[in-house]
Amino acid sequence: MATTKESCGVEYTHVGKSGLKVSNICLGTMTFGKNDDHPVAVYSCPTQTDEEKSHKLLDRYVELGGNFLDTANVYCSGQSEQIIGTWLKKQKRDNIVMASKVWFRMGMEPNSVGLSRRHIIKSCEDSLERLQTDYIDLYQTHLWDDATPIEETMRTLDDLVRCGKVRYIGACNLVGWQMQKVVDLTKYMGLTPLISLQQQYNLLTRHPEFEEFQVCKNEGLGVLPWSPLKGGVLTGIYKRGEKLDHTSGRIAHIAKDESKATQSAPAWSHYADNESYWGLIKTMEEIGKAHGKSVAQVALRWTLQKDVVASVVIGATSIKQLEDNMAVGSGWSLTKEEMEKLDLISIPDIPYPYEMSWRSNSARVNRYNPRPFIANVCPTQADEEKSHKLLDRYVELGGNFLDTANVYCYGQSEQIIGRCGVSTGKYKRGDKLDHTSGRIAHIAKDESMVMQSAPACSQYANNESYWSLIKAMDKEGKADGNFKFNKDI
1 MATTKESCGV EYTHVGKSGL KVSNICLGTM TFGKNDDHPV AVYSCPTQTD EEKSHKLLDR
61 YVELGGNFLD TANVYCSGQS EQIIGTWLKK QKRDNIVMAS KVWFRMGMEP NSVGLSRRHI
121 IKSCEDSLER LQTDYIDLYQ THLWDDATPI EETMRTLDDL VRCGKVRYIG ACNLVGWQMQ
181 KVVDLTKYMG LTPLISLQQQ YNLLTRHPEF EEFQVCKNEG LGVLPWSPLK GGVLTGIYKR
241 GEKLDHTSGR IAHIAKDESK ATQSAPAWSH YADNESYWGL IKTMEEIGKA HGKSVAQVAL
301 RWTLQKDVVA SVVIGATSIK QLEDNMAVGS GWSLTKEEME KLDLISIPDI PYPYEMSWRS
361 NSARVNRYNP RPFIANVCPT QADEEKSHKL LDRYVELGGN FLDTANVYCY GQSEQIIGRC
421 GVSTGKYKRG DKLDHTSGRI AHIAKDESMV MQSAPACSQY ANNESYWSLI KAMDKEGKAD
481 GNFKFNKDI
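So that you can map any letter, position 424 of the sequence shown is 424 in UniProt numbering, and since no number is skipped, the others follow by simple counting.
Rather than coming from a laboratory, the hints here were simulated on the basis of the structure. Please note: incorrect hints may appear among the correct ones.
With a cut-off of at most 30 Å between alpha-carbon atoms, the simulated BS3-like pairs for lysine-lysine come out as follows [unchecked claim]:
(1) 306 with 289
(2) 293 with 21
(3) 181 with 243
(4) 17 with 181
(5) 181 with 239
Cβ pair distances, simulated, as ranges [what the hints assert, rightly or not]:
(6) 108 with 56: 47 to 55 Å
(7) 291 with 418: 23 to 31 Å
(8) 286 with 90: 23 to 31 Å
Even for Gly, the Cβ is constructed at its ideal location relative to N, Cα and C.
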């Protein structure tokens, strides 16, 4: 198998600060197998793939350079692992990084669910048997277990690593405090640390940026986003006002009975008439057109380019779908401006206290500390030239009320407003003001119209302190004067 990104379509990255390298596109296998009748089947829909089709997908994935497979014991009640197992035994095991998970119920017995020592060990042994291998590369907790002490869970996972059944451990679907507690506990007890967090993350689900990703950045964990296309919502294949074909995919299938909606198969009614959603899709279409890429590829590439992401977990039910998704692994990228545009249009509501903390800490910069991920939504803040144009146009339209604060953009907001008028030094002593030349000059016609960003020039025309300040600033190169005040104004 070729190893260069040009020939295989992917790149290889470390999972967090561990030594494990994986392809930056991971093949998720929740769609392998069909098991509608099982009492604890986690998910199944008409587009699920049987063993033959699943093996073809696996073969093509490896041909394209992929080496990272993700499954779980609960996917189709073990069928996903079984299908992978019959394929895996024909492969060179060392070439594949195999990930699986434990938590969900696998039977009706009281101990067949959760993260107890008993259930973890039993589930791991069963997964190994189904996968037809003697070790799992990355074993992940599928959820937090309220009923089991975390010390019991982490000690058990550490034992599995020490006995060779598991190589690395990770977690899925945790909140911030849970992540930090696990990290701190493993340090305190000297246990095998987590190397990854698998979390839903996409242009419509960005809340992990608030806390979970901060832990990952601070502690060196790699993020493995699942549902990067929001179950199909971000593919762009669904059109506004179009009736869904209930056999066409996950979203359409769930639309028959939205009471069955899940995180991986959301209700279409949430998006069908959502103006923000359609605005996002339109932006993605425009960006995709510029690159010759689809909406789905733009969504995947945006996720992949986030610095905390190690590998994106994709799903596929056809070879074409797989190839299209794999095409985002290398060879092209979104520009900084395009990333910022997508960041801005998809920015989530920032609830209290995150928004307050974010703004309050905006001026507390230490290059050795990771900045909050959500702060990346602000690179599209207007620069000084653009801000001055906005302020000028605002006044022309009759506006007279500006609001700022010392903390906004490290004080830059106030500085930009200040430099828009008297503190720029553009007005020079002795010059008669052209009332069309700027805000200060315009206000001079009628000083009853003064406001903070357009103060009365009479306050400064004969103010020696002001002129001393302008002179000092001019020496420092901070003033770029063009005009002069006339004392007689």
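Against the structure, the hints come out as follows:
Simply put, residue 306 and residue 289 have alpha-carbon atoms about 21 Å apart, close enough for the 30 Å limit, and the pair holds. Pair hint residue 293 plus residue 21 holds up; C-alpha atoms about 27 Å apart against a cutoff of 30 Å. For the hint pairing residue 181 with residue 243, the CA-to-CA distance comes to about 46 Å; that exceeds 30 Å, so the pair is violated. Taking the CA atoms of residue 17 and residue 181, the gap is about 19 Å. The hint holds against a cut of 30 Å.
Taking the CA atoms of residue 181 and residue 239, the gap is near 44 Å; set against the 30 Å cutoff, the hint is violated. For residue 108 paired with residue 56, a C-beta distance near 35 Å fails the hint of 47 to 55 Å. Remark: the range hint 23 to 31 Å for residue 291 to residue 418 is contradicted by a beta-carbon distance near 41 Å. For the pair residue 286 and residue 90, the beta carbons lie near 44 Å from each other, so the given range of 23 to 31 Å is not met.
Violated hints, in rising order: 3, 5, 6, 7, 8; the structure is consistent with all others.
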